[in-house]
Amino acid sequence: MAAEGHSSIDALGQFTLEPALGAIGRSVNFTQANTMMVVASGLVLALLVVGMRPRAMVPGRLQAAAELAYEFVLGMCNDQIGHGGKKFFPVVFCLFFFILFGNVLGLFPYFFTFTSHIAVTLAMSTFVFCLVTFVALKEHGLHFFSYFLPKGIPMAMAPLVILIEIISYLSRIISLSVRLFANMMAGHIILDVFASFVVMLGLAGGIFLIPAGLSLVTNVALFGLELLVATLQAYVFAILTCIYLHDAVHLH
Amino acid sequence: MKPLRRVVPFAASLLMLPVAAMAAGMPQMDFKNPLTTSQVVWGAIIFAVLYIVASKFALPKVGAVLEERAAHIANDLEAAQASKLKADAGMAEATAAIAKARAEAQSAINAALDAAKGAAAEQSAALNARLEKQLSDAETQIARARTQAMSALREVATETAATVVARLTGQVPDPQRLSGAIGAALAARGVG
Chain A
1 MAAEGHSSID
11 ALGQFTLEPA
21 LGAIGRSVNF
31 TQANTMMVVA
41 SGLVLALLVV
51 GMRPRAMVPG
61 RLQAAAELAY
71 EFVLGMCNDQ
81 IGHGGKKFFP
91 VVFCLFFFIL
101 FGNVLGLFPY
111 FFTFTSHIAV
121 TLAMSTFVFC
131 LVTFVALKEH
141 GLHFFSYFLP
151 KGIPMAMAPL
161 VILIEIISYL
171 SRIISLSVRL
181 FANMMAGHII
191 LDVFASFVVM
201 LGLAGGIFLI
211 PAGLSLVTNV
221 ALFGLELLVA
231 TLQAYVFAIL
241 TCIYLHDAVH
251 LH
Chain B
1 MKPLRRVVPF
11 AASLLMLPVA
21 AMAAGMPQMD
31 FKNPLTTSQV
41 VWGAIIFAVL
51 YIVASKFALP
61 KVGAVLEERA
71 AHIANDLEAA
81 QASKLKADAG
91 MAEATAAIAK
101 ARAEAQSAIN
111 AALDAAKGAA
121 AEQSAALNAR
131 LEKQLSDAET
141 QIARARTQAM
151 SALREVATET
161 AATVVARLTG
171 QVPDPQRLSG
181 AIGAALAARG
191 VG
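The listed protein sequences correspond, in order, to chains A and B.
So the first sequence is numbered by our numbering: it starts at 1 and just counts up by one.
So the second sequence is numbered by our numbering: it starts at 1 and just counts up by one.
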């Protein structure tokens, strides 16, 4: 993907969507991003189904991993959402592991990162926003709108405060989606740029082999960082979802 | 020269990267491409399938195993607690029994000791009395024998003295004077 146009770096080419699954995929606009989504979902389900197959009292490695995944997200739901958190456990679990596997799989060479597309992350954050608003309206009815006017605010300040609260509430869609998208995209651009350095400087030969080697070392370190970012961003997305759900269930 | 020609524009393009990214347009922002929106539709379908399979099938299975284990552990703990209570009760019972047995044994020992002491005291009192009697009997016999011996001593002394005097002087001594002198001599020796 690098150094295609003689001497410029095409760091964005990696995000280009292509039809996948041959002619059938082309006819229904199934992209390689969707292939990765299927792989990620399949791996999540495989972890749970294959891992729990022994149903052992003392779990083996894979079962322990599946149980750890389950209890980690369950703990997050119970801690963050509080009372009534168990109801939202499946959706938080799916969001967390869908994003986590998407992020981590994207780090493999030639694998597409579907979380690096704003359209995908925006859809997910919009889904969370709609879910949260729906839950809030269902739990509290019209009383939900008192959320936008915190108690103890002078009446004169009310219009301004309500405006700010509504903007901050709506901006959750943007912040949630852009945070994930920008992190994943930036990481992959940097990895691509340094990989291109290695190739271009390496081809130049001679003295340029030194910076080429340094770029390679940097890329190895960056890859570790990107693993951290991939995990962290999935966690951030899930925990913010939990916090928003807490607000929806308990209104502050 | 050739490598430099390649590297310089490359470095320049690197500096321009953020600008280029915005200017060239990210593939993510290319909403004219039908794939950009279609991936979201497919993504929604895939996520829905993931959610349904996970929430209806995969996750409850994990939950069931975890609950089973928690119940098993709770049962075991309960059983252990019950056994411990039972063991504690048995222990207390045993301790009480031991204390009771010890007290009984102690009282039996005391009774036996008292009885033995009483019997021994009686026996020794009887023995003492018998010995005392024998002693006093012996003493009176001795006293009698002594007085007899003492009175015999005076006779023997008088006869001997009379004989000695008669042999030495040739005349029988006055019995009155002799008896007085013997009495004085015996009294002086403390036997009279």
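Incorrect hints may have been included.
Said to hold, decoys possible - Capping the alpha-carbon separation at 27 Å, the derived lysine-lysine pairs in DSS-like fashion look like this:
no., chain 1, residue 1, chain 2, residue 2
1, B, K61, A, K87
2, B, K56, A, K138
3, A, K86, B, K56
4, B, K32, A, K86
5, A, K87, B, K56
Unchecked claim - Just the calculated beta-carbon pair ranges, DEER-fashion:
no., chain 1, residue 1, chain 2, residue 2, range
6, B, Q81, A, F134, 25 to 33 Å
7, B, A89, A, A46, 46 to 54 Å
8, A, I239, B, E67, 36 to 44 Å
9, A, C130, B, Q81, 44 to 52 Å
10, A, F134, B, M26, 30 to 38 Å
Please keep in mind that the hints were generated in silico from the structure rather than gathered at the bench.
Think of the CB as a built atom: it goes at the ideal place given N, C-alpha and C, for glycine as much as any other residue.
Tested hints:
| no. | hint | verdict |
| --- | --- | --- |
| 1 | B:K61 - A:K87 | holds (16 Å) |
| 2 | B:K56 - A:K138 | holds (23 Å) |
| 3 | A:K86 - B:K56 | holds (14 Å) |
| 4 | B:K32 - A:K86 | violated (41 Å) |
| 5 | A:K87 - B:K56 | holds (13 Å) |
| 6 | B:Q81 - A:F134: 25 to 33 Å | violated (46 Å) |
| 7 | B:A89 - A:A46: 46 to 54 Å | holds (52 Å) |
| 8 | A:I239 - B:E67: 36 to 44 Å | violated (25 Å) |
| 9 | A:C130 - B:Q81: 44 to 52 Å | holds (49 Å) |
| 10 | A:F134 - B:M26: 30 to 38 Å | holds (32 Å) |
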